[in-house]
Amino acid sequence: MSPGAWAQDTLTHIAKTGELRLGHREASHPFSYKDPATGQVRGYSVDICTKIYEELKKELKRPDLRLTYVLVDGKNRLADLKNNVVDLECGTTTNTLERQKEVAFSHHIFIATTAFLVRKDSGIKTVDDLNGKRIAVERKTTNDGVLATNERTYHRKFIYVPVDSTAQGLDALTRGEADAVFADDAGLLESALTRSARPWGTTSFWKSVFR
Numbered sequence: 039m040s041p042g043a044w045a046q047d048t049l050t051h052i053a054k055t056g057e058l059r060l061g062h063r064e065a066s067h068p069f070s071y072k073d074p075a076t077g078q079v080r081g082y083s084v085d086i087c088t089k090i091y092e093e094l095k096k097e098l099k100r101p102d103l104r105l106t107y108v109l110v111d112g113k114n115r116l117a118d119l120k121n122n123v124v125d126l127e128c129g130t131t132t133n134t135l136e137r138q139k140e141v142a143f144s145h146h147i148f149i150a151t152t153a154f155l156v157r158k159d160s161g162i163k164t165v166d167d168l169n170g171k172r173i174a175v176e177r178k179t180t181n182d183g184v185l186a187t188n189e190r191t192y193h194r195k196f197i198y199v200p201v202d203s204t205a206q207g208l209d210a211l212t213r214g215e216a217d218a219v220f221a222d223d224a225g226l227l228e229s230a231l232t233r234s235a236r237p238w239g240t241t242s243f244w245k246s247v248f249r
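Residue numbering for the sequence shown follows my numbering, beginning at 39 and increasing consecutively.
Simulated from the structure, these hints should not be mistaken for laboratory data.
Small disclaimer: the values here were computed from a predicted structure and weren't measured.
A virtual CB, placed ideally from N, CA and C, is assigned to each residue, including glycine.
Mixed in with the good hints, there may be bad ones.
Said to hold, decoys possible - Cross-link-like lysine-lysine pairs, in silico, BS3-like; alpha carbons within 30 Å at most:
hint	residue 1	residue 2
1	Lys-158	Lys-139
2	Lys-54	Lys-139
3	Lys-163	Lys-139
4	Lys-89	Lys-54
5	Lys-72	Lys-89
6	Lys-54	Lys-163
What the hints assert, rightly or not - Restraint ranges, calculated between C-beta atoms of paired labels, are given here:
hint	residue 1	residue 2	range
7	Arg-80	Glu-189	21 to 27 Å
8	Thr-88	Ala-53	25 to 31 Å
9	Tyr-192	Ala-53	47 to 53 Å
10	Thr-212	Glu-140	32 to 38 Å
Produce the complete structure using the sequences and hints provided.
If you want it as structure tokens, here you go:
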């Protein structure tokens, strides 16, 4: 990643403080999460960010540059970037035109679609079947906005079950507190496949939301 892609004031701050603060998520598997067994921050996005850190040490001629991990969540991640709490967010933030007005994005590092995850015995096959149902979704995210737009466009009504991560959404589904989880497909599948008991099945991918 070329240093020219960074906001100059951010680079200046990093050089001055001798520290790169990486914002990471608690449980955005498999992209950005803290391993509960070791306490280490891991994930695909984190791996890319640590490569950027190594390149920055060379570009800034600061071999002593410190790397600090800072926990962020779906609600505060953009604010933390704007308020100089973190220098770089390593998570699953969708690149949108609206967000480009607030923060700078790198080139795309992955492409995901959005999907619902429901229990196999739920009888839910289409988005119409979710009308009036409880949907676990991270608030203040792109997915949250998609559901709201769908409600207005197709005169549906969803009952929102706010969660802080896809993993929490799976927990709500398993406990019977939600009828579906709505999130990025990669995170849904990874979270589901890493659990021993899987009473769910996938249905209704991104394109189906707009029917």
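Now the hints, each set against the structure:
| no. | hint | verdict |
| --- | --- | --- |
| 1 | Lys-158 - Lys-139 | violated, 41 Å |
| 2 | Lys-54 - Lys-139 | holds, 26 Å |
| 3 | Lys-163 - Lys-139 | violated, 37 Å |
| 4 | Lys-89 - Lys-54 | holds, 20 Å |
| 5 | Lys-72 - Lys-89 | holds, 18 Å |
| 6 | Lys-54 - Lys-163 | violated, 55 Å |
| 7 | Arg-80 - Glu-189: 21 to 27 Å | violated, 36 Å |
| 8 | Thr-88 - Ala-53: 25 to 31 Å | violated, 18 Å |
| 9 | Tyr-192 - Ala-53: 47 to 53 Å | holds, 51 Å |
| 10 | Thr-212 - Glu-140: 32 to 38 Å | holds, 35 Å |
The structure shown violates the earlier hints numbered 1, 3, 6, 7 and 8.
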